[in-house]
Every structure is written in structure tokens, then in C-alpha cells.
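Engineer: Each chain, written out:
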Amino acid sequence: MISEEHRIAITGNQAIAHAVRMARIHVVAAYPITPQTSVVEEIAEFCAAGKMDAKFIQTESEHSSMSACIGASMTGARAFTATSSQGLALMHEMLHWAVGARTPVILGEVNRALAAPWTILTDQSDSMAQRDTGWMQFYCANNQEVFDSTLLAFKVAEQVLLPAMVVLDAFVLSHSTEAVILPPQDLVDEYLPPRETPVKLDPDEPHAFGGMMFPDVFMEQRYKIEQSMDIAKEVILSEIEEWEKATGRQLKPLYPYRIDDAEVVVMCLGTAFGSVRYAVDKLRKEGIKAGGIRMWQYRPFPIKQLKELIPEGSQVGVIDRAVSFGISGPVGSEVKSVLSPESRNSVYGFIAGLGGREIQPESVESVFRAMLEGSADPVGINWVDVRK
Amino acid sequence: MAIHKEIFSDEALRHVREGSAKPPGQLSADEIPPMAASWANTEKMPVGGWKENRPRYLRGLSPCLAHCPVGNDVEGFVSTVREGDVESAARLLAAETPLPATCGRVCYHPCESGCNRVQLDGSVGIRAIERYLGDLPYFDSANIWSQARPATGKNIAIAGSGPGGLASAWALSLLGHKVEIFERKPEPGGLLLYGIPAYRLPKDILSKEIGRIKDMGVRINCGVNVGEAKELSKLLESYDSVFVATGAAKSRDINIKGDNNKAVYSAIEYLSEATSGNIPETGRECIIIGGGNSAVDAARSAKRSGANVTIVYRRTRAEMPAYETEIDDALKEGIQLEELAIPLELIVENGSLTGMKCLKTKLGEPDDSGRRSPIPVPGSDFVIPASSMINALGEIIDKEELTKNSDFQNALSELNHWGSSNIQGLFAGGDFVGGDRTVAHAIGGGKRAAMAIDRFLLGKSANPLESYIVGGGPASLAGYLKNGESDVLAEGIKTIQYKDLNPAYFPNVEREELAKVLDQKPDNSFREVESGYTPEEAKAEANRCFSCGRCTNCGLCQIFCPEGAAVHRDPQSKELMIFDSHCKGCGICVEECPRCALVMEPVNKESDVVKTETQ
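Those protein sequences? They're chains A and B, same order as listed.
According to this note's numbering, the first sequence is numbered sequentially starting from 633.
According to this note's numbering, the second sequence is numbered sequentially starting from 7.
Heads up, a few of these hints could be off.
What the hints assert, rightly or not - Here are the simulated BS3-like pairs of lysine-lysine, each with C-alpha atoms no more than 27 Å apart in a straight line:
1) B/Lys410 <-> A/Lys832
2) A/Lys832 <-> B/Lys500
3) B/Lys590 <-> A/Lys865
4) A/Lys936 <-> B/Lys11
5) A/Lys832 <-> B/Lys11
6) A/Lys832 <-> B/Lys590
7) B/Lys338 <-> B/Lys209
8) B/Lys28 <-> B/Lys240
9) A/Lys884 <-> A/Lys832
10) A/Lys884 <-> B/Lys11
The set of hints was computed from the structure by calculation and includes no laboratory data.
Predicted, not measured: the structure shown is a model, and the values here were computed from it.
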């Protein structure tokens, strides 16, 4: 088991870097962008110091970073990149390619709002804009979870041949130092054995990949991606169990808070959940049956777990840190599609915390109160803390 | 980690590995692999028929070759040093020059001015690499050369043993001819010995270089002044051919009051005496008039004899024809430069020189030389102290001294590029024929004349002499000996420019500069001011060479070819080849090539049917 001597104080970005190092990665290809830069800086230093035996490629763009990772992954290598915001947007084309080519690349994604106007602060508009690419996404709320999720992501991705993003809030996690327990290398080696690839780019058994597929087989290929997402749901659960056995720490697709008898629930992703818990406690003191859920596993969407957790007939407010302009927040509309109408829940979409604006306990409280008072719009966007 | 069985089934794996006769639309879900993967490699897909253009390996010319007045295969010997084979590098160098240790010290390296690396981080230190090779034991004897053909029985007389005469003698010897040199001075070497001070070219180095040429059987008769003792026409009667390379040995007159004083010297006379060990008396204040290389050489020699030296020049430093590094070194040694001044008269008191009256000038419009002309400023005269004056206004060619025969004088004034005159068997080269007066140009002229003499003596060969010209510049003796079979002599060969290269492959690397004695402590001795490269430094510097236009087998074309199979080096012949059947003409190999050793050419669809059968 893990002793206290493995506990070190590191930032969220360093937590990813350590996980990548311990995963015995082969290829890292990246381009710097705030707030991601210190992830690859740390990895570059590990490589330079001989603490990692990896090929580090500084590319000329994120598009190339992802392309290099895909190429590396196709040879059977374990490949990693990290980015944020504009960088992730520039990768967009290759994000699709990574999925279609079935390359289990892992991406450290530090959530930063997309320009214009320029900002470097956090929201989830960058990663939400990639939700339809077929990447798995795990949203973290502390640095230990960042470390654990990164290793788990490798293990799941290589089994289901889908790439995965480990997502963390800019600065709140990326640049904030917390205590993180790093397990010994042999424990990681045992948990995450070398990748096995039966078909790969290999001069000894040559194949061409990514060629033309006509309508008689293209749709089956797409179906297989969705099928893999379904399988991933089960693989994630069993890998969570394996990780817990090895480390005593448990990851959860959904993290509930005082949910069992809740009549009004607020959901969100990432570190804003701290404010949710605070508001729940405050309302509970007033006798209001409030509860909260944090979503760690966003893709594949944990439909089953959500249905089990949400009390029947409760009101559910979903706080999105991204907007699908002209309709709602992305997570809100998805929760709505999953829960209604059989469980008799009313689901409301809220938008808060864009471009780094803090989601305070008062902000969350106002979300609860809007639902309790019946002033929340059940169809449109409910803006939180916005001057209108 | 292994892949989940449901995601990559055994059926799908078998399908990818073994292929299937079924059309894709009839495959079961289990048989369809999760990704698009072919059954075999791209050899099965002869895409050669797609192309509109095709790449071809084509040697381009490195600009250093075209810029070298000698005709050295500069890229060849530099890249061979880079590859670590210094003996082959020395042989490549020896194939085109008899005087590598000399040029490696005194050449003003036009090759480096032409070097494409100038546009990145400074030219390759070619001259220093040549010096490094020239000082190696391979050049200890004439064994580095082997006779190109048996003795022809032809006899050639050469007037002058400077670089032009020596180069010509060497080349003619290699070609099997018997050569005799006539030199008016007591020792051979011409300007190399009597014009270039020993701190730039040590005498033992020069003597070793000349010794090798003597060992090839060249006879050098010193103390024989062609013109006085032997009339040219007489020489031509006794020899099958005569080559005149007596240089430009007469000083231009200065024509000012007092110029007949005994403390007034010409630079030629001063340097000649100084290099013979009898440094003429200059007193405390020595004035040098002129801005060329002989002015700087005279100044630095006078400084070494203990005088305070001032160079008086009518324009500014920027217009001085002397080479930049020589001026730098002279100033470092404490020589003064009086710019924008013309001498008016020498002040003589009681028969002794005491000063020189000068007039200030200002720069006007550019003159014929392209440099701004000096305009005297009336009333600006001033006096500088002088105990001696060296006139370095330049040297002129004296044909009258050589021959009184006007037919010969005229013939020697109308020479072609190869030094041939309209008198049968009479050739000339070196400083004597004008043009650029450098050691390298003289060697180049001597080589050209040797090739012309060879053709004159043995009748016309298959190729015109022009076909041995490298890149519109120098002539290649090695190419001549191989009857033109040299890839740098290919017709229409293109000189590679910096824009043709792919600088992404060339990181900045600082040039290895030669250590200079004077950087530590200038002294008054004539010991050599520069020291040569160590083997490590030579290799590091050679490593900076781009090898413009020549395939170095770096393999990037193979790495980048999307068809994988399309670009190859034949394992047996080492010939570069592109499989037409699989090259689809994308041009990535041409774009990526760091050194422009590939070109893209249009495919003529009518006549040039691309074969598409599988290899």
C-alpha cells in the first residue's frame, strides 16, 4: 500500500506530468499555451533529466501536436499531448481523426475560455466544443483526481481504442498547489501494463491506415465508435475498482452530495462544486432538502448512474460553464434529455462562471432559490450573476 | 494494455491480416475492423500514373565551387572532412591545387563570400579547413600526385615562379610535359616569397610547397631574367611552348616633390627587401601611401621593424581595396590610419625626410570603380611627421621590360580567357594579364593556361576547353584529366542559392574562428599571426557545410515519401533512384531536401508514359 512518504505538494499541471511520466509514455508532442504550458515544461524537464525515456516533440502548432500523437499511437506507442482553449480548437480536425483512426491518445486539457475577446481564465467552452468528436472526457475537481484520472484514462483508452481528455480548471487546479499522493512506480506498472496493439504501423507487417471507406461500410465504422463508448462505461467502472484496490482511492463517474432525500439538486462539473456543497449545507440548515451532484465522467455520459442518483420528482438545476448559443448549456440539455419525463424531474439550465468569473456559494444559492421560487425558465437559458 | 475483445474481434483481425474476397458491403459487423486498415502495404498501389511532375536527383552546384578562382572542389573536400576521411579530403584538394598550405593562409576566400551559410550565421571557414588539410603529412611529398599520363616529350618554359608559374608547372607536369621555370630573383616563389610577409606565410611552409613541385621534376632556374638574359622569341624557338607569368612588378610612380629621397621606397621594393631579411631603414615615423593589400603588408612589416606607422589614404576605410581582416589586424597592431588625405610634397631638411604635407579631401560622387571619389579641399593642407615614406599606390605590368619586340608586346596584351596569345605557343597568366590580382586568381590562370598549352601541344581533344569551366567561373583540372566526366561539369548545372535550401534542417552554429596571436599580444616578430585548426575544430567547422546541391544520403526524402517505396538508393550501385511506378509526383521529397539535390520536372504525358506495373 501507499505510505505517506509518497505525498508531495504539486500543482494540477504537475500532477498530469507526473502521471504521464509514471505511465512510461513513449511520445509527447505539444505546443505551449497558457495555462497548459507548465504541463509540458515539467515533462520536458523530466525528459531532459533522464527521468523519462520519451521522445519529446515541440511542434509548430497544436494541429501538428495531435497529428504527431496520432502517428505515434498508430505505431503502438503510448502518446500524450496537452493544450487549452485556442490550442484545442486548432486541434479540432485531428481530434476527429484520432477517434476515427482509433488511437488511444491522452490529452491533458486545461479549461480556458475561447477568444474573442482574449482571456486566459477558465470556463468549459473549449472542451464542450469538442464533445461530439468521440473523445472520452473526465472533469477533475482536485489535483489528486487529476493524477488518478490521467493513469485511468490511459488504461481505459487502450482497451476501448478511444482517446481521452483529462480536464481541469485553469489556475484553480492547473496552478494551485495541493498535496498529491504519488504511488510507487511498480504499483503503476502493475496497474498499467504496456500497450498491446495487434495491428499497427509496422514495416514488418505493413498496412495502410485511414484510407477511403465507402457508404457500404462507413456507417458501421461510426457505429463501432458508439459501441466502444458503451463498452467504455463498463471498463471505466472496472478500472475504478482496480485503482481503488491498488491505492485505496475511489474515482466516481458522479459525485453526489446529500442527494438521497433531496428535492432540489444542483449539478456541475469541475471545481465549482465546492460552492455547490457550501450552498447545499446552508439551505439544509434552513430545512430545505437541497443536494448536489458533480459530474466527473462526461463522455461517455453516465446515464445509468445519473438516473439512479437523481431522486424522482426532484428539481434539477444544471450549471454549465459553456453556452450553446441560441438554445442552452450543453450539459443542461443533455441532463434534460436523460431525465425527463419518466422520472418526473424538472430540469433547468443555468449558465455561470464564464471567462473565469467565480461561481460563489451565493451564485449557487441563487440557482437553488430560482428553482424553489419557480422563477427559473424551464426551457431557455437562466443566466447567473449577469448584468442584463 | 490489451484491447477489449468486442472492440477488435478475432474475425476483424483475421480480415485485416489475411484479406477477404467479400466486398466490404457484405462483411459482417464482426469482420469489420474498428479502423480503416488495408490488407497489404502501398506496394500494391502503383500510383505513379497520377503524376503531372516527377522528382529527379540532380546535382546542383555549391556556390563555393563557382566562386573559387582556383577551381577547387570546395564542397567536396569540406564535406569529406565532415565525414571524417581527411586523407580523401586531402586528395580531393590536391586534385585542383598545388599550393593548399599557401592558399589556406593567404587566400581572400571568395568561396566564403559565396557560401550560402553567410545568410544564416556566417560562412563556413573554408580557408582554415584548406590550411588544416594543406598542413597534414599527406602533403609532405609529391606522392600525393600521380602522373596522369606518360611523358609526352614536350618541353615548356615558364617565365616567373610566382603562384601562376608554379600552378602551371605543376599542372603541365601532371599532364606529362617537361617544365623549366626561369626566375629573376635568387629564390623561387615570386610574390609569395617577396611580397607576402612571413607573419602571414611562413617561409618554411612556402618552401615545402615549392619543394613538392620541384620533386615532380620541374626545374627552377633562379637568377635568370627573361627579357634580359633570354629573349622571349628565342625561348619560343627552344621550347614547344612558353608561359609568361612574371606578375605586376613595377610600382606606380607617386610624382611629388621629394620622392627621390633615399628614405622613399616602393612597397614592392620594401617588401622584397624586408622578406629577404634586410629590412630597409624607416626611422621613427613611417608613412605608407595607398589603401591596398600591399600598403597594409608594408605597414605591418614596418611596424614590426619598430616604426610608428601611419597609412595615408585619400578616401575612407570603407573604400580601401585591402581586405577587411587585414585592415582590422593592422589597426589592432597599432597602425594609424589617416583617412581623406592626399600627399602634396615630402619635406626634406638637410637631405633627411622630416614630414609630409597633405591636403584633406572629402568624398564626392562615385567614380568608375564605383567608390566615392576624393575631392581635395582647398586650403586644408597639413603636415604629418615622416622619417620615411613607402609608396604603395599599386603595381603595374611592365611588358617593355619583358620584351622589346612589339609583336610580342601586342600578343601579350590580347590574351583570351585561357591565356592564349595570337603567337603560336605563347601563353600568359597570373598578375601579368591583369584582372583580379590574387594568389588564387594566379593559380587559376596558371591551371587554365596549362590546359590550353596541353591542347595546343597534343591537338584538339573531344571537348572544347569551355566544357571544363565550373559554374561559369574557374576551370577544373581534375575534370580535364577525366575528360569532362565530373558531375560538377554537367551542362546547365544550376548554382544553388540560399533560397533553394531548406534551412529548417540547419540550426545556427557559431563559426570556429582561427586563434590569432595578435589577439593575445601583438609583437614585432615576423612569426605567424594565425594558428590553424585542431582536427576537432576542422571537423566541427566542416560540419557547418550545407553541401548545397549535393545529395549526402541524409535519407530525408525516404522518410518523407508518403508512398514509402518511392525513393531509394540502390543498394548495389548506390545510385539514387525513384520508382516511377509508385511516385505520384507530390514533390514532398523535393520540398524537404535540405540541400536542393532534387528537382521537380514536368511529365510529358504524350511521350513519357508512366509505367504502373507493380515492382
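Engineer: Next, verify each hint and record whether it holds.
Structural biologist: We went through each hint and held it up to the structure:
no., hint, in the structure
1, B/Lys410 <-> A/Lys832, "87 Å, violated"
2, A/Lys832 <-> B/Lys500, "43 Å, violated"
3, B/Lys590 <-> A/Lys865, "44 Å, violated"
4, A/Lys936 <-> B/Lys11, "23 Å, holds"
5, A/Lys832 <-> B/Lys11, "17 Å, holds"
6, A/Lys832 <-> B/Lys590, "24 Å, holds"
7, B/Lys338 <-> B/Lys209, "24 Å, holds"
8, B/Lys28 <-> B/Lys240, "96 Å, violated"
9, A/Lys884 <-> A/Lys832, "33 Å, violated"
10, A/Lys884 <-> B/Lys11, "25 Å, holds"
When the structure is compared with the earlier hints, violations turn up for hints 1, 2, 3, 8 and 9 and for no others.
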